[in-house]
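Participant: Sequences are here, hints too, so could you generate the full structure?
Number of protein chains: 2
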Amino acid sequence: MIIDNLIEQIRKKNNPSVIGLDTHLDYLPVEMRAGIARELPMRTIPPFGGWQVVIDKDRLKNAIWTYNKQIIDAIYDIVPAIKVQLAYYEMYGVEGIQALSQTIQYAKEKDLIVIVDGKRNDIGATATCYANAYLGKTNINELEYKVFDGDFLTVNAYLGSDGIRPFLKCMEEEKKGIFVLVKTSNLSSGELQDLRLENQLTVYEYMGQMVKKWGENFIGQYGYSSVGAVVGATYPKQAATLRQQMQHTFFLIPGYGAQGGKATDIQTCFDKNGLGGVVNSSRGILCAYQQEEYIGKSFDIAAREACIAMQKDLTSVIKIK
Amino acid sequence: MIIDNLIEQIRKKNNPSVIGLDTHLDYLPVEMRAGIARELPMRTIPPFGGWQVVIDKDRLKNAIWTYNKQIIDAIYDIVPAIKVQLAYYEMYGVEGIQALSQTIQYAKEKDLIVIVDGKRNDIGATATCYANAYLGKTNINELEYKVFDGDFLTVNAYLGSDGIRPFLKCMEEEKKGIFVLVKTSNLSSGELQDLRLENQLTVYEYMGQMVKKWGENFIGQYGYSSVGAVVGATYPKQAATLRQQMQHTFFLIPGYGAQGGKATDIQTCFDKNGLGGVVNSSRGILCAYQQEEYIGKSFDIAAREACIAMQKDLTSVIKIK
Numbered sequence: 023m024i025i026d027n028l029i030e031q032i033r034k035k036n037n038p039s040v041i042g043l044d045t046h047l048d049y050l051p052v053e054m055r056a057g058i059a060r061e062l063p064m065r066t067i068p069p070f071g072g073w074q075v076v077i078d079k080d081r082l083k084n085a086i087w088t089y090n091k092q093i094i095d096a097i098y099d100i101v102p103a104i105k106v107q108l109a110y111y112e113m114y115g116v117e118g119i120q121a122l123s124q125t126i127q128y129a130k131e132k133d134l135i136v137i138v139d140g141k142r143n144d145i146g147a148t149a150t151c152y153a154n155a156y157l158g159k160t161n162i163n164e165l166e167y168k169v170f171d172g173d174f175l176t177v178n179a180y181l182g183s184d185g186i187r188p189f190l191k192c193m194e195e196e197k198k199g200i201f202v203l204v205k206t207s208n209l210s211s212g213e214l215q216d217l218r219l220e221n222q223l224t225v226y227e228y229m230g231q232m233v234k235k236w237g238e239n240f241i242g243q244y245g246y247s248s249v250g251a252v253v254g255a256t257y258p259k260q261a262a263t264l265r266q267q268m269q270h271t272f273f274l275i276p277g278y279g280a281q282g283g284k285a286t287d288i289q290t291c292f293d294k295n296g297l298g299g300v301v302n303s304s305r306g307i308l309c310a311y312q313q314e315e316y317i318g319k320s321f322d323i324a325a326r327e328a329c330i331a332m333q334k335d336l337t338s339v340i341k342i343k
Numbered sequence: 023m024i025i026d027n028l029i030e031q032i033r034k035k036n037n038p039s040v041i042g043l044d045t046h047l048d049y050l051p052v053e054m055r056a057g058i059a060r061e062l063p064m065r066t067i068p069p070f071g072g073w074q075v076v077i078d079k080d081r082l083k084n085a086i087w088t089y090n091k092q093i094i095d096a097i098y099d100i101v102p103a104i105k106v107q108l109a110y111y112e113m114y115g116v117e118g119i120q121a122l123s124q125t126i127q128y129a130k131e132k133d134l135i136v137i138v139d140g141k142r143n144d145i146g147a148t149a150t151c152y153a154n155a156y157l158g159k160t161n162i163n164e165l166e167y168k169v170f171d172g173d174f175l176t177v178n179a180y181l182g183s184d185g186i187r188p189f190l191k192c193m194e195e196e197k198k199g200i201f202v203l204v205k206t207s208n209l210s211s212g213e214l215q216d217l218r219l220e221n222q223l224t225v226y227e228y229m230g231q232m233v234k235k236w237g238e239n240f241i242g243q244y245g246y247s248s249v250g251a252v253v254g255a256t257y258p259k260q261a262a263t264l265r266q267q268m269q270h271t272f273f274l275i276p277g278y279g280a281q282g283g284k285a286t287d288i289q290t291c292f293d294k295n296g297l298g299g300v301v302n303s304s305r306g307i308l309c310a311y312q313q314e315e316y317i318g319k320s321f322d323i324a325a326r327e328a329c330i331a332m333q334k335d336l337t338s339v340i341k342i343k
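From first to last, the protein sequence lines are chains C and W. Positions 23 to 343 (our numbering) are the ones given, in order, by the first sequence. Positions 23 to 343 (our numbering) are the ones given, in order, by the second sequence.
To be clear, the hints were calculated from the coordinates, so they are not data collected in a lab. Some hints here could point you the wrong way.
Copies of the same chain look alike in the list, so a pair counts if it fits in one copy or across any two.
[Stated by the list, open to error] Below, a list of computed lysine-lysine pairs in the DSS-like style, where the Cα atoms sit at most 27 Å apart:
1) Lys-341 with Lys-132
2) Lys-130 with Lys-79
3) Lys-79 with Lys-168
4) Lys-91 with Lys-79
5) Lys-235 with Lys-91
Facilitator: Now the structure itself:
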């Protein structure tokens with residue numbers, strides 16, 4: 023079970039955190055992103071017809087990849103997992119996806135668990151494509167090859183079981199996992215998720231019940247399932263309810279740091295052995311070098327120190343046994 | 023308003039359909055996909071260490087792109103729009119995304135409206151990345167460039183307004199649109215969507231109300247908003263309810279053909295002028311050449327004839343004025 027591998031990494035490193043590589047080019051030191059985009063005249067001979075933005079594709083890809091590699095090199099020995107947010111790579115088109123692919127591969131070489139954050143969802147046949155892309159294998163003329171090969175994928179279950187089953191099938195075959203959105207960290211998450219159903223459950227509690235059911239056949243040796251749930255750090259009360267209702271469900275917990283969630287808010291997500299969740303921080307780590315306390319330090323050194331600070335903060339309240 | 027452009031294309035071509043380019047390599051004629059994947063020995067000198075699958079990346083990209091181009095060439099004068107399902111391109115990794123990018127660009131050159139089907143969803147900062155990627159512009163060092171440049175993107179609103187607002191902002195700036203998942207076409211869509219809330223609305227009706235609100239400032243000259251809704255052809259009763267409750271919301275209607283939805287099922291989605299929705303077919307068109315009735319015809323000719331058959335079927339019950 024992949025969830026056991028994640029938990030073992032967390033125990034070994036005494037660190038229940040995952041670092042989000044949501045690599046926005048604006049986060050990079052200026053010198054790393056110089057010259058990627060240039061404005062050139064539309065025509066070089068008269069009549070001139072305005073200007074166009076030309077992208078140096080190799081520089082674009084290399085900037086994102088180099089930044090990620092240096093971050094990974096700086097932190098791989100102290101954190102159990104990274105999370106790649108697909109939106110940030112898709113935003114840079116084909117070159118972003120190339121950098122993503124290299125990043126996932128490199129993180130796995132460094133024995134990091136890779137959570138692909140895509141919040142994917144679709145009908146069965148299409149969900150199968152997503153499962154193949156991010157967790158399993160794509161079939162071409164009867165031959166199978168791995169495409170992105172992440173360990174976990176985040177998914178959205180608005181479409182119900184049909185859209186989840188292809189991931190479960192892929193999990194069985196490939197020893198992978200998913201995290202299903204249950205209670206998200208954003209301000210408006212309650213607009214739909216907190217509504218109460220006729221059966222007295224809220225939408226997020228109902229979603230939690232479905233997640234529990236989907237995860238039943240994937241419970242590993244620590245009592246947690248490879249079908250996990252996304253539960254925001256910004257809603258400690260709801261998280262506590264869910265922890266009680268879903269004792270075998272591991273939580274991916276966004277919202278710590280930049281979004282406002284504190285270690286004490288998160289405590290209720292964990293069991294008496296200090297297990298039960300992994301806490302994400304993205305900007306707080308990637309952009310640490312821009313913070314006053316790390317001034318003068320390179321981005322990778324600052325990221326490492328911020329990871330250590332986060333580990334200390336979390337383990338001051340979460341005692342991992 | 024982009025919705026007006028879509029409606030004008032529908033009226034001009036007297037065709038309320040959108041063709042889904044969900045290009046699975048298995049759909050291609052054997053000769054177009056030959057030689058893309060090969061099995062080679064891991065080592066060429068002894069001791070031999072098993073086999074590995076090697077992908078000819080240029081052939082992979084070109085096969086998908088060539089197929090799509092030939093389909094577009096065969097149908098662009100008779101259909102108003104195409105829909106690209108991202109999962110199918112992501113499944114082929116970087117090369118899939120390259121083919122996607124070429125396909126979108128080519129379809130736009132042919133004056134087709136391009137609906138990007140990604141069902142994307144995330145918190146605000148991340149939703150902004152998705153909006154930039156598929157509808158707007160990505161900023162690099164203060165310079166902006168278009169990445170995929172679709173006309174519409176499908177989105178999932180489980181996260182509430184925060185996750186939608188970045189798309190609305192992008193729509194204002196770029197004259198683009200979205201379709202929000204309301205009632206999906208799959209068998210299990212009711213597991214969550216049909217549940218009744220304390221306020222007596224079902225989840226899908228409540229979602230419909232949110233979509234209506236988000237769309238208020240984007241209503242075009244035909245009375246429809248550029249914030250549309252995904253409403254499955256497979257649930258005619260629910261679709262009829264939604265049409266009544268959302269008179270300014272245009273529907274993207276999947277589920278026709280391969281999924282079982284019939285023209286008569288879809289009728290209730292349309293207003294007295296034959297407007298109000300666009301009906302998707304993917305496999306039914308792409309794989310028409312494998313059907314008995316088109317035997318001996320090339321895939322593109324068969325696709326064109328299947329589009330004409332679909333147009334006739336739809337317009338037999340939907341009279342566009």
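Participant: To test your reading of the hints: which numbers does this structure violate?
Facilitator: 5
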